[in-house]
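Listed in order, the protein sequences are those of chains A and B.
Residue numbering for the first sequence follows the working numbering, starting at 1 and increasing by one per position.
Residue numbering for the second sequence follows the working numbering, starting at 1 and increasing by one per position.
Since the hints were derived computationally from the structure, they do not count as laboratory data.
Watch out, some of these pointers could steer you wrong.
What the hints assert, rightly or not - Dumping the calculated BS3-like pairs for lysine-lysine here, alpha-carbon to alpha-carbon at most 25 Å:
1) A:K260 x B:K335
2) A:K139 x B:K260
3) A:K259 x B:K259
As the list claims (entries may be wrong) - Just the calculated beta-carbon pair ranges, DEER-fashion:
4) A:N231 x B:R163: 25 to 33 Å
5) A:R77 x B:D84: 19 to 27 Å
6) B:G9 x A:H166: 22 to 30 Å
7) A:E73 x B:E136: 40 to 48 Å
What the hints assert, rightly or not - Looking from chain A toward chain B, a few residues come up when the C-beta cut is under 8 Å (computed):
8) G20
9) A49
10) K127
11) P153
12) A312
All residues carry an ideal CB built from backbone N, CA and C; glycine is no exception.
Single-letter residue listing:
There are 2 protein chains.
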Amino acid sequence: MKVVIAGFGTVGQGIAEVIGMRQELFSKSFRQKVRIVGAFDSSTFVKDAKGLDPGELVARKAATGGVGAKSQEGKIREFIEEYDFDTLIETTPTNILDAEPGYTYIMAALNAGKNVVTSNKGPLALKFRELSRAAERNKVQLRYEASVGGAMPVINLSRELLRGEHIYSLRGILNGTCNFILNRMKDEGLPFDQALREAQEMGIAERDPSYDIDGVDSACKLAILANAIFNMDVTYHDILRTGIRSITEDAIALAAEQKKVVRLIGEINDKRLEVSPRMVPMGHPLAIGGTLNIVQLITDLAGEITVVGRGAGRRETASALLSDLLAILSDDHAKGR
Amino acid sequence: MKVVIAGFGTVGQGIAEVIGMRQELFSKSFRQKVRIVGAFDSSTFVKDAKGLDPGELVARKAATGGVGAKSQEGKIREFIEEYDFDTLIETTPTNILDAEPGYTYIMAALNAGKNVVTSNKGPLALKFRELSRAAERNKVQLRYEASVGGAMPVINLSRELLRGEHIYSLRGILNGTCNFILNRMKDEGLPFDQALREAQEMGIAERDPSYDIDGVDSACKLAILANAIFNMDVTYHDILRTGIRSITEDAIALAAEQKKVVRLIGEINDKRLEVSPRMVPMGHPLAIGGTLNIVQLITDLAGEITVVGRGAGRRETASALLSDLLAILSDDHAKGR
Chain A
1 MKVVIAGFGT VGQGIAEVIG MRQELFSKSF RQKVRIVGAF DSSTFVKDAK
51 GLDPGELVAR KAATGGVGAK SQEGKIREFI EEYDFDTLIE TTPTNILDAE
101 PGYTYIMAAL NAGKNVVTSN KGPLALKFRE LSRAAERNKV QLRYEASVGG
151 AMPVINLSRE LLRGEHIYSL RGILNGTCNF ILNRMKDEGL PFDQALREAQ
201 EMGIAERDPS YDIDGVDSAC KLAILANAIF NMDVTYHDIL RTGIRSITED
251 AIALAAEQKK VVRLIGEIND KRLEVSPRMV PMGHPLAIGG TLNIVQLITD
301 LAGEITVVGR GAGRRETASA LLSDLLAILS DDHAKGR
Chain B
1 MKVVIAGFGT VGQGIAEVIG MRQELFSKSF RQKVRIVGAF DSSTFVKDAK
51 GLDPGELVAR KAATGGVGAK SQEGKIREFI EEYDFDTLIE TTPTNILDAE
101 PGYTYIMAAL NAGKNVVTSN KGPLALKFRE LSRAAERNKV QLRYEASVGG
151 AMPVINLSRE LLRGEHIYSL RGILNGTCNF ILNRMKDEGL PFDQALREAQ
201 EMGIAERDPS YDIDGVDSAC KLAILANAIF NMDVTYHDIL RTGIRSITED
251 AIALAAEQKK VVRLIGEIND KRLEVSPRMV PMGHPLAIGG TLNIVQLITD
301 LAGEITVVGR GAGRRETASA LLSDLLAILS DDHAKGR
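Using the sequences provided together with the hints, build the complete structure.
Right, dumping it as structure tokens:
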């Protein structure tokens, strides 16, 4: 399998390394090599039909800030369409305004008959149906486990292992930064601003934290889950959204007196499509601490199935991209390709 | 697909009903009908190559205590070997002494070229390798998601969705009865005996509770996970085992002062293969309450992945059997059978 990596930040570098680490698995399970035949970031570009060395790519990025020569303005799309490869691994940053450049790259790949594996929330939270229809029309796969909850395998769990269930509803914590802040407020009795500052100092929250604490990130992920698992046709804008800025230490102390904790919960059911702070009984799976992500699915036979995992990180997100790559390899293998 | 149901207690009836409920799914996803062409319990037997009605089967069992005519002593094995069907759904009760009658039924089916889907811990906790080798040799599938943790999809998650991970270790709560008792002791300050009595009154614990509270049930499940996920070759007897009988309310109160709870934890790693009571920090996923089952996998890329589900119940166990049936149907479908 020949892959091209789009975007070469933390996630792109992570999947390059992991592809290097797993060659034995690819050959043992599927008698395949996975070759990185191209990579690009916002300004540089490299290709080699014989395959690029992942370690060299990552070292070059660290040393020079790029993966190769300066790329020509507007030529990337053409490259995706015309170059000979099988799967685009799309890891450009989430853009919640117009989903670019990810949307253009993904569409170009799908329409050129290439599979796409992505960690990018923007295109999926804004233009899910266009993308999934393009994949269907071109008989290729579009997979996006890495776009929701990092290493937490909620999408493949729902669509594959739980394919026999009727999934009625979903609840989850989809943003580790908010969970960390709420948990510190409870454990240490900190006011919101102080817990946020602590999270920023630890690198858990960004300098501009609004994407996390106003629930934008959670809402993007909830929109993707609504589309992927519940077959809805929604965008990020359809999610009713309240963040955690106005949660006071008093509210958290009051909840604790009732043996409850406050969590930023995303919920999908036939009445709600919402991200908002909610009270959760201690001991309930959703009362989880730390920066973990968690999703609980309510189904007709199994009852509740809950999955928890690390919501972010270089290796963790690469893990989800890898699982999607393996699913494509496995599918090709079963079909005797 | 023609299936025979072995054992027609709670779980056997549950999967019969679920097969009835999911005919539309079978035909939509795989252009298949799943027909129940035979069923038997410890003393009665019925077959019909055209297919038995699940509702009628369950009603007959309720009305007469059996599924059909008295079965002839020793003829069941012959029936499994000679009758024309594709998959045995084996749901006879767990027997931890000699794994019978499940072991004989499963072996007969595998050696006759039939797939097996089972919820029965005994054969897997005592003779895992013999069974998995027989499946390999006969090029059929042996699947057993339902044998560990009811609806919690830990085996298929580990073996399928996480096939790209190196799984280093596993920790989990595999017995809902113990978890209920430990949780009631903490929440209400009850002594062990009283919490156990309450669990018995609620039907959560058996009249003879030793199978649960001495950790036998957890150890069986841990042995199955060690074999299935870590490719070990162990039996239930290889698990170091301590139950919860000697946990005092004082120990639980002391743990609570340190913001910890006591849980009966099963653990697999390169040094340990053990079921024992352990302290877990509140807010940690393993501090879960109620009768839920939980497993946490520690892997090289994803870090920790945790899955939680209902560990027992008619529909819940049927849900796991169904997921295995669907995996077989899907595999057959991909291979164009």
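**Study point:** Enumerated hints in conflict with the structure, sorted upward
**Key:** The structure breaks hints 1, 2, 5, 7, 8, 9, 10 and 12; every other hint is satisfied.
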